[in-house]
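Visitor: Next come the chains, spelled out residue by residue.
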Amino acid sequence: MHTTPPARRLRAVALLAVGGLALTACSAGSLGSSGDDSGDGVTLSMLIDNSEQSMVPMQGVIDAFHAEHPDITVEMETRPQGSEGDNVLKTRLATGDMTDLFQYNSGSLLQALDPAGNLVPLTDEPWIDSVDDAFLQAVQSGDDYYGAPQNQASAGGVLYNTQVYADLGLEVPLTWDEFMANNEAIKAAGIAPVIQSYQDTWTSQLFVLADFHNVLTQNPDWAEEYTANEAKYVDEPAFAGFRHLQEVADAGYLNSDFASIKMEAALDQVATGAGAHYPMLTFAIGPMVAANPEAAEDVGFFAMPGEDAGGNGLTVWPTGGIYIPKSTEGEELEAARTFLEFLVSPEGCDAQTAAMPPSGPYQVEGCTVPDDLPAAVEDMTAYFEEGNTSPALEFLSPVKGPALEQIMVEVGSGIRPAAEAAALYDEDVKKQAQQLGLEGW
Amino acid sequence: MRRPGAWLLGGVGIVLTTVLFVVPFLFIFLQAGKTAEEARLLEFSWPSEWAIVENVRAVFEARDYMLVIAFINSTILTVASVSVLVVLGSMVAFVLQRRRSRLNPVVDFLILSGLIIPPAVVPTIWVLQGMGLFRTMLGLVLVEVAFGMAFVVLLIRAFVSTIPRDLDEAAIIDGAGPVRLFFRVILPLLKSVIVTVVVVQSVAVFNDFANPLYFLPGDENATVQLTLYNFQSQYSTQYNLLFTNILLITIPPLVMFLFFNKRIVAGMTAGAVKG
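Quick mapping for you: the protein sequence lines, in order, are chains A and B. Residue numbers for the first sequence follow numbering that gives the first Met the number 0, so the first one is 0 and each next one is one higher. Residue numbers for the second sequence follow numbering that gives the first Met the number 0, so the first one is 0 and each next one is one higher.
No wet-lab data here; the hints were simulated from the structure. Note that the Cβ used here is the ideal one computed from N, Cα and C, for glycine as well. Treat the hints with caution; some may be incorrect.
Stated by the list, open to error - The following label-pair restraints were derived from C-beta to C-beta distances: (1) A:K261 x B:N206: 20 to 26 Å; (2) A:D123 x B:V105: 55 to 61 Å; (3) B:V126 x A:G116: 18 to 24 Å; (4) B:V21 x A:E124: 35 to 41 Å.
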């Protein structure tokens, strides 16, 4: 028999168990340079989503801020996007473990955080008057404003290949009928008129979400009526979004691989001219140009066309906000306010611009964008300069159902007719409205 | 004499293994070798130029060498949780199986509820905060142990029931106390099922995403699974770096499997004999 002496074996097992627990006392800590140069000043932590569009410009602001205020160090912490990120954020708010500053969407998603209960009001800050009203509305709760604008506004509309338009002699459509006529001509030339990318299901929603300016031109009170359970998606004017996607799909205008490609591939198609139109948010312009440098010239942008040319305008997503949770106190709170003051100033905007080319106009007075931007960003900025913009529905009403993207994929794939889909979506939002405790549901 | 069917069966087995295991791994490897422009096409093709060295370097350097910290954290987490799980789990299983009492149904119910009832995040954090364990590695280890315990106890308990009681009795007659009985007689016999537990739980803890995300927040506390989010976001994903990262963090479990290959198979079949 080959046995170890009992005492030794026992000791080995005990060592394993105790050692296991003792190991947990070690922490890898920080290997790199972060946090070493803070000295005896204040250190602020900031939770931000992990997208390049959020991180890179914010790092630029942080560096510029540190140069001006050497006694305050700001450290970024990242979180995933989407529902995982929402959970992280809500968990940390609920347990009082939030960072000193954090970044999050404005609009209806912000309302879900209960701003009045969880956040420090910023209404009396010196910079508040220089911020665009559209953004302030999106971070308002009761009489107070709770957020500072994070970066630039973006918009939903259609990215289109200008080369294809030039070759076929087409013009930017102002109405849905003109858009469909263009599609007909593009299809005849052997190019996919409309690109969809249903492996990223969220991209399917643009036909409905980006159409909201057109809804508002026909009924300016639609958002309030919708919140009060009076207006519905099954009825015009809002039904147009669903109907349009079905029309495009029925006419065979979609790219052949619409069901299986991801957003990156769809952006490639519109950049190279394999497809002509891609309904998208302007967030995507930056990554598209980074991957296809020629897209800076060859891809333009227009608002989702509606019923009549006079009402043509753009549906806008105000930028996300930077917020201070109530758990930030004392000198950290003072430092956080100082940081926001820097962020919402022309120097703050310039620091962002230097870090990453902006994808739209800043929502701060006195901030300018450089001239050499991609054509699509310039097209978008033109709508802002003319004032032909409306905020997206999620900034006017807290009601947004979770299943819109799946429903729209069904419409685009021809599985469900538009009328049925709109009815299903109305049913989908009902649960959410009841959860929020809105009146009339 | 060879039966002709054996060839066919073997062939089908090889093809299936290739399709299910080798092809995805090859895909990861090929993507990890490509440049950013090529990788974003997500094609199953040979890279026109190998960039794997640059990619590996970029992945390691990302966010201030976060991956290195993450590897250290994940190793500590996995080793600590699995050690505690194995020792504690086999003790509980032994006592539960050998000493019947009126408490047994209650304990059984608690263990089963550990499998059935999903854990809630916010109350767990409150408990951890109350004990001063939130944001500590020890806290996360205890969470992993708690979540893995039910499964481990059930698995080992089934195995203990296959060990004849005569062994216990012989040891007791020879003068062994309960502690010595467990460590000298029972634990060595549990070796095969313990290997199974170690492998299954190591993979589970190493691959865990949600628990580290909620219970151990902060960049300095990241585990390897969380580093995947360095390269993946809603509007842009760096596929070459993402796949390089996947490749790098797949290696430790793979090495472990190669090491323990024989024992894992033995452990699996040993545990499966009796329920």
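Visitor: If I claimed the Cβ atoms of V21 of chain B and E124 of chain A lie 35 to 41 Å apart, would that claim hold in this structure?
Guide: At 59 Å between Cβs, range violated.
Visitor: Is the hinted range of 55 to 61 Å satisfied by the C-beta distance from D123 of chain A to V105 of chain B?
Guide: Since the Cβ atoms of D123 of chain A and V105 of chain B sit about 58 Å apart, the hinted range of 55 to 61 Å holds.
Visitor: Kindly confirm whether 20 to 26 Å is satisfied by the beta carbon distance between K261 of chain A and N206 of chain B.
Guide: Holds, since K261 of chain A and N206 of chain B (Cβ atoms, about 24 Å apart) stay within the stated range.
Visitor: So does V126 of chain B sit 18 to 24 Å from G116 of chain A, Cβ to Cβ?
Guide: holds (23 Å)
Going down the numbered hints, you'll see the structure goes against just number 4.
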